[in-house]
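Chains as they are written, first to last, in numbering that gives the first Met the number 0: chain A, 0 to 264; chain B, 0 to 238.
To be clear, the hints were calculated from the coordinates, so they are not data collected in a lab. Computed from a prediction, not measured in an experiment: that's the story for all the values here. Errors might be hidden in some of the hints.
Taking CB as the label site, the calculated pair distances span [stated by the list, open to error]:
#: 1; chain 1: A; residue 1: 148; chain 2: B; residue 2: 46; range: 50 to 60 Å
#: 2; chain 1: B; residue 1: 108; chain 2: A; residue 2: 133; range: 27 to 37 Å
#: 3; chain 1: B; residue 1: 135; chain 2: A; residue 2: 146; range: 51 to 61 Å
#: 4; chain 1: A; residue 1: 248; chain 2: B; residue 2: 12; range: 20 to 30 Å
#: 5; chain 1: B; residue 1: 66; chain 2: A; residue 2: 255; range: 48 to 58 Å
Virtual Cβ for every residue (Gly too), placed ideally from N, Cα, C.
The lines below spell out each chain.
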Amino acid sequence: MSSTTRLQAALSDLKEGVCSIYIWPVLGWQEVKQRYRRSTLGPFWLTLSTGAMIGAMGPLYGRLLGQDVASYFLYLATSFIIWLFISGLVTESCQAFISAEGYIKQSKLPLTVHVLRVIWKNLIFFAHNMVIVVIVMLAYPPPALSLVWLFPVGIALIMVNGLWCGLLLGLLCARFRDIPQIVTSLMQVAMFLTPIFWKADMLGKHQWAATWNPIFHFLEVARAPLLGVAAGAQSWLVVFAVTILGSLVTLVFFTRFRARIAYWV
Amino acid sequence: MAKVVANNLVVDYPIYGTNSRSFKNAFIRTATGGLLARNANEQVVVRALNGVTFELGEGDRVGIVGHNGSGKSTLLRVIVGAYEPVSGSISVAGKVSSMLSISLGMEPEATGYENIFLRGVLMGLKPREIEALADGIISFSELGDYIEMPVRTYSSGMAMRLAFAISTSISADIILMDEWLSVGDASFSEKAQQRLQAVLDQAKILVIASHNEELIRKNCNKIMRLDHGELVSFQQLYA
Numbered sequence: 000m001s002s003t004t005r006l007q008a009a010l011s012d013l014k015e016g017v018c019s020i021y022i023w024p025v026l027g028w029q030e031v032k033q034r035y036r037r038s039t040l041g042p043f044w045l046t047l048s049t050g051a052m053i054g055a056m057g058p059l060y061g062r063l064l065g066q067d068v069a070s071y072f073l074y075l076a077t078s079f080i081i082w083l084f085i086s087g088l089v090t091e092s093c094q095a096f097i098s099a100e101g102y103i104k105q106s107k108l109p110l111t112v113h114v115l116r117v118i119w120k121n122l123i124f125f126a127h128n129m130v131i132v133v134i135v136m137l138a139y140p141p142p143a144l145s146l147v148w149l150f151p152v153g154i155a156l157i158m159v160n161g162l163w164c165g166l167l168l169g170l171l172c173a174r175f176r177d178i179p180q181i182v183t184s185l186m187q188v189a190m191f192l193t194p195i196f197w198k199a200d201m202l203g204k205h206q207w208a209a210t211w212n213p214i215f216h217f218l219e220v221a222r223a224p225l226l227g228v229a230a231g232a233q234s235w236l237v238v239f240a241v242t243i244l245g246s247l248v249t250l251v252f253f254t255r256f257r258a259r260i261a262y263w264v
Numbered sequence: 000m001a002k003v004v005a006n007n008l009v010v011d012y013p014i015y016g017t018n019s020r021s022f023k024n025a026f027i028r029t030a031t032g033g034l035l036a037r038n039a040n041e042q043v044v045v046r047a048l049n050g051v052t053f054e055l056g057e058g059d060r061v062g063i064v065g066h067n068g069s070g071k072s073t074l075l076r077v078i079v080g081a082y083e084p085v086s087g088s089i090s091v092a093g094k095v096s097s098m099l100s101i102s103l104g105m106e107p108e109a110t111g112y113e114n115i116f117l118r119g120v121l122m123g124l125k126p127r128e129i130e131a132l133a134d135g136i137i138s139f140s141e142l143g144d145y146i147e148m149p150v151r152t153y154s155s156g157m158a159m160r161l162a163f164a165i166s167t168s169i170s171a172d173i174i175l176m177d178e179w180l181s182v183g184d185a186s187f188s189e190k191a192q193q194r195l196q197a198v199l200d201q202a203k204i205l206v207i208a209s210h211n212e213e214l215i216r217k218n219c220n221k222i223m224r225l226d227h228g229e230l231v232s233f234q235q236l237y238a
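So here's chain A without its partners, still in its complex pose:
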């Protein structure tokens, strides 16, 4: 197959995948429903445990780090919940194709559908967790709410990046089965290296340790609006750059290896 037809096939997979609006929401929702079955609280169990963790860590770490508890509480809640969304997307991306083996080997669904399923499922869990953010916001209102409209923009950008990330990681993990473990360990390290429990400005002149990390900028873009501040121009720049760069790299890989995935899973 020539590379132009390969590219066309990759792009039409993307297009048809996104347009399969009756398939991926159903598959994603099905996974969420799985949690609801035989359990009254369902995914709210996750919300409860996340809430308990934030409730316990807020006052403790606020004091440890010498922060004003009111502002730290909201900072921690938004950061941690957006982080859970991002890390869920990244780690589950690894299984996007592997877990869809049956579909991929037996039917002609666009591969993009399986990545969108992962994104949709994580978005629904994220929405459950947002309950915590709303409660904390009511208890400790942020100084301003005028920038809140930027919050959905930040989340949308995270989802767009989830798409390329899912296609790329899903593809690589289908071929190399030890990558999921590597990704999981890296994400665990990243949780501590990213300003989630602490703030970037606490590093003083060593702020580079936070700003080199692209995840920090994704967090910033989504959480700053909820904290009543504007995300820095640098963060927007990094997010857009990563979005474009990641999409291009993924397009190259997806074009080249899309047809092989069925043989790999």
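Please arrange chain B on chain A, whose structure you already have, making use of the hints.
Chain B only, in chain A's frame:
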């Protein structure tokens, strides 16, 4: 216009050992020029289809026969579009209905009714279209009130009846089957065969892989013989 044109199809299955599935080994191999982790280099490839060429048109009822591992199922999956050939080409015109695995996408924890929708969307139906078909599916499968129960509570026969009823609820231009479908006990089986026959009669092209040559002679007008991935013969059958 329903049509299947295959031109010089070649399909290779890569067989990965644990070593060649490891990114670590692949990395060491590249970094050391293959001196270390030499095993990771050995990638076995099985040629499942080799230079298969044929053309199917309207009215064709094709039976594929061959030993285990001769490439029957692979060929069906290539026609479905799941596997893309390594070289050669396949073009399929017309709406394809795959009955290769009629339980694909069924969720044991979901109710029978929910599963009708799950299978339905995977078959390319819109929720409204599925709703229109649902009553027919429920009454045909004879599940009654069980339709509101999770599929994991069904006996295997009941689950098959449901899957069968869903898969045979829509007509298609091209139908693919891996072994003749048969479900249920004696009385249901007869009813199922009638329903299957009705769907098959409407199809413009039928491709079925089977070990049962007698069945193929009864239901097909062409027979395709595969051996070790090669098309040995493709002949007309005369009744």
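>> Quick check on a hinted range of 20 to 30 Å for residue 248(A) and residue 12(B), using CB atoms only.
In response: holds (28 Å)
>> If I claimed the Cβ atoms of residue 135(B) and residue 146(A) lie 51 to 61 Å apart, would that claim hold in this structure?
In response: holds (54 Å)
>> I want to verify a distance hint. Is the separation of the beta carbons of residue 108(B) and residue 133(A) within 27 to 37 Å?
In response: holds (30 Å)
> Would you say the C-beta atoms of residue 66(B) and residue 255(A) sit inside 48 to 58 Å of each other?
Replying inline: violated (35 Å)
> For the pair residue 148(A) and residue 46(B), does the Cβ-Cβ distance stay inside 50 to 60 Å?
Replying inline: holds (58 Å)
In summary, the structure is inconsistent with hint 5 from the numbered list given earlier, while agreeing with all the others.
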